[in-house]
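The listed protein sequences correspond, in order, to chains A and B.
Per the numbering used here, the first sequence starts with residue 1, numbered consecutively.
Per the numbering used here, the second sequence starts with residue 1001, numbered consecutively.
Simulated from the structure, these hints should not be mistaken for lab results.
Warning: the hint list may mix true and false statements.
Unchecked claim - As a list, the in silico BS3-like pairs of lysine-lysine whose alpha-carbon atoms are at most 27 Å apart: (1) Lys1073(B) x Lys71(A); (2) Lys4(A) x Lys1058(B); (3) Lys1073(B) x Lys1058(B); (4) Lys68(A) x Lys4(A); (5) Lys71(A) x Lys1058(B).
Owing to the predicted nature of the structure, the values given are computational and were not obtained by experimental measurement.
One letter stands for each residue in the lines below.
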Amino acid sequence: MREKILYLLALAAFVILARDIYVIARFPPEMNQGNAFKIIFFHVPSWVAAGTAVATALISSVLFLITKSFKFDATAVAATEVGVAFLTVGLVTGSLWARPIWGIWWTWDERLTTTLVLWLLYGGYLMFRHAIEEPTQRATFSAVLSIFAFIGVPIDYFSIRWWRTQHPSPVFFSSTGSFPHDWGMVMGWNIMAFLMLTVVFVAIRLEQEQAQREIDSLRRMAHAL
Amino acid sequence: MHWFSHVLFLAQASPDDVVREIARLQRNFQFLGYGFWAAWAVLIVFVLTMVSRERRLKREISSLKAMLEERQKR
């Protein structure tokens, strides 16, 4: 039953995204940026998905430190891995937008730099887990690192409000930006589809973490025999 | 006002300007395509990584279980 729900969610997300590509292609080009502006329809949802995933990792890490239950550690690593995947989508699509609009692939602007630092921190978290063998120690240190890494999320989010950046000013939740209603609807659908994918990916990775724990216990049994 | 500014622009533009503008719009459309493909490609790579991990985990579980059964028989 659980698997069926996950497959249905993934299928629904795929249908929404495929339909939206068709709808987005039919929108007129933006006045100043032309069609490249429409990359925002994949760029922003990927950040929302990544933000949700790393927030889940933060909550799970805090809960692990409180309860010492390994299911929270598994949730944290599953969510972080999905978060890193969506952060990668955000960075790549941002760079592909910057090339035709700014004429460069990358600049050391506050938003871009804090995002790259965030990507490195969470990537480091995933690599760090491989360095510690002992499960309790690994989970504890990883939880602390995950909480530390999350400090970068609000800095990254507010960077375009706190500093004058080359990155465009905020379009949503801001008095300076504006977005046509029908474009906003499509953006909303895309955000929902990305969030559905986040749920599916985290659930699948969580099952894999549980399978990994089963393997660890089977190995311990094999050593004991 | 919006269409009027476009008409005004076209009236002032030379053929070279129009060609340049068309090239700019085409280039932007090309990069929109790259953006969409890149987003899908990253997600597809992530899904393929998960699928291969799933297979490895299942293989490992079944081989460990088989090994444990054999050891218990002895």
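How the hints compare with the structure:
no., hint, verdict
1, Lys1073(B) x Lys71(A), "33 Å, violated"
2, Lys4(A) x Lys1058(B), "20 Å, holds"
3, Lys1073(B) x Lys1058(B), "23 Å, holds"
4, Lys68(A) x Lys4(A), "31 Å, violated"
5, Lys71(A) x Lys1058(B), "20 Å, holds"
Of the hints listed earlier, those the structure fails to meet are numbers 1, 4, in rising order.
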